[in-house]
Amino acid sequence: MDKELRIVGFLCNWCSYGGADTAGVGRFIQPTDLRIIRLPCSGRIDPLFVLKTLIGGADGVLVSGCHPRDCHYSEGNYYARRRLEVLKRFLPVIGIDQGRFEYTWVSASEGQRWQHVVTTFTNQIHALGPIQRIGKDAQARACAFGRTLEVDIPA
Amino acid sequence: MPVLEELKAQIARRLPELDMVIGWGHGYDCLHRTPVFIENAADIEKLVFDPLCVHNLSTYLTRYGSGKKIGVVVKGCDSRSVVELLQEKLINRDNIVVFGLPCEGVADLGKVKRALQEQNLDMGRVKSATVEGGKLILAVSGKEVALALNDVLADKCGRCRYHNAVIHDEFAGTPVEGQAQDAYEDLAAFENQTLEERMEFWRGQMERCVRCYACRNACPMCVCRDHCIAQSRDPNWVSQGDGLEEKFFFQMIHAMHLAGRCTECGECERACPVDIPLLLLKRKLGKEIQELFDYRAGTEPEVKPPLLAFKVEEDNINERGW
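Going line by line, the protein sequences match chains A and B.
FYI, in numbering that gives the first Met the number 0 the residues of the first sequence are 0 to 154.
FYI, in numbering that gives the first Met the number 0 the residues of the second sequence are 0 to 321.
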């Protein structure tokens, strides 16, 4: 695979983090682009975490929690599901490809499924390539404007 | 009896039991209306109602301490905000008296300004403005200009389905007939562009944002006020930097916090001093919420907003699709 990209994974402490651990213990080969942030529950995920991550320069964001009906806090992932689905549908209007964000459910015993999820998602992000930064060009324009101001001021 | 006279009579009758009634009055010039806060019978004469009364006055309802009894004058779209506030238990129904009005649309002063500019006239020099027979008649620089009201109405009015207040204790005038269908054509046109074009569009728009927070302050659903996360240092969601990321991210906060709550009254866009089409972001969310949960904010007082609830088996979410 070509150069690594920056992918951030928000994982639920009870299921998906355990699932990722299981995958590691089972020595399943995985791509290494994903950085994991461990959270108490997928219900903890504010859609703004994902937007902030994408604006901050991540090329992809993966959210993974417990399967519906298996939440450690009974109903956290149900709320998460609604919010994350709304977020996913919101992304295209601001010019971010929907495929850069996915949410899924992986339980602690599903090492194999975790391997599949990470591989699929990483491939998906590599197919999309690096994200275009929102502010990069604007910054360049601002700098250029700043330079035009540095003209000789007659004494 | 004209709507305004009827409204004044209703307010006069209900005023003794209320601490205050919020309505519209004359602003700093003849084209602008301003909120008036009526505390005694003499103030009632300050009331005005015409297509220039654009403000959504329900934004003031959450600003007064509980226990105060407040009356508010609302058009169709404004009444949806009142319903949404009630649904979220941000206001108490017992403390609110709603004076509902029928509405055939409000003027977009941006459009008035552009229409005048086409004739080389300056909106700042308008001496008088009257609405007569579907026309906005302005006296500018010694000339009389008649603008067809349909040309200067706000975009939101063209697709309005709620001309009459959906919730009211008193209703002045006769209900307006007819319902436009909202096909989200503006959104479809925008989404015909590629992702790169959309991002470029927002870059251009957001670069103008001065983070004055007028959009937030005008929004009836933005109830955090001084606790807004955009101004919090801990956690520091948005820095004081003036980069495009910060500006755009602030608007994303605003949009995401209104997902499933925004009643599309357009106050954010009206209040924006640099004319950023902020409603587009909210309309996108509104459309998706409607598709996913069959819910339009502020129309059904008894229903719980969709993002405060869930279903074990969702009807329209295919979460295992990828």
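Careful, some of the hints might be misleading.
[Said to hold, decoys possible] If you anchor each label on the Cβ, the simulated ranges turn out as follows: (1) B:Asn315 - A:His66: 11 to 21 angstroms; (2) B:Pro276 - A:Gln131: 46 to 56 angstroms; (3) B:Leu307 - A:Pro39: 36 to 46 angstroms.
[Unchecked claim] Subject to a maximum C-alpha distance of 30 angstroms in a straight line, what follows is the list of computed DSSO-like cross-link-like pairs (lysine-lysine): (4) B:Lys142 - B:Lys112; (5) B:Lys110 - B:Lys88; (6) B:Lys303 - A:Lys51; (7) A:Lys51 - B:Lys310; (8) B:Lys142 - B:Lys67; (9) B:Lys286 - B:Lys142; (10) B:Lys112 - B:Lys134; (11) B:Lys134 - A:Lys51; (12) B:Lys310 - B:Lys110.
[Unchecked claim] Now the stretches of chain A that chain B is said to cover, found in silico as 3 or more residues with beta-carbon under 8 angstroms: (13) 12-19; (14) 23-37; (15) 65-76; (16) 102-115.
Read the hints as simulated data drawn from the structure, not as lab findings.
Computed from a prediction, not measured in an experiment: that's the story for all the values here.
Glycine residues also receive a C-beta, built at the ideal position from the N, C-alpha and C atoms.
Notebook entry, point to check: If you check each hint against the structure, which ones fail?
Noted result: Those not satisfied are hints 2, 3, 5, 8, 9, 11, 12, 13, 14.
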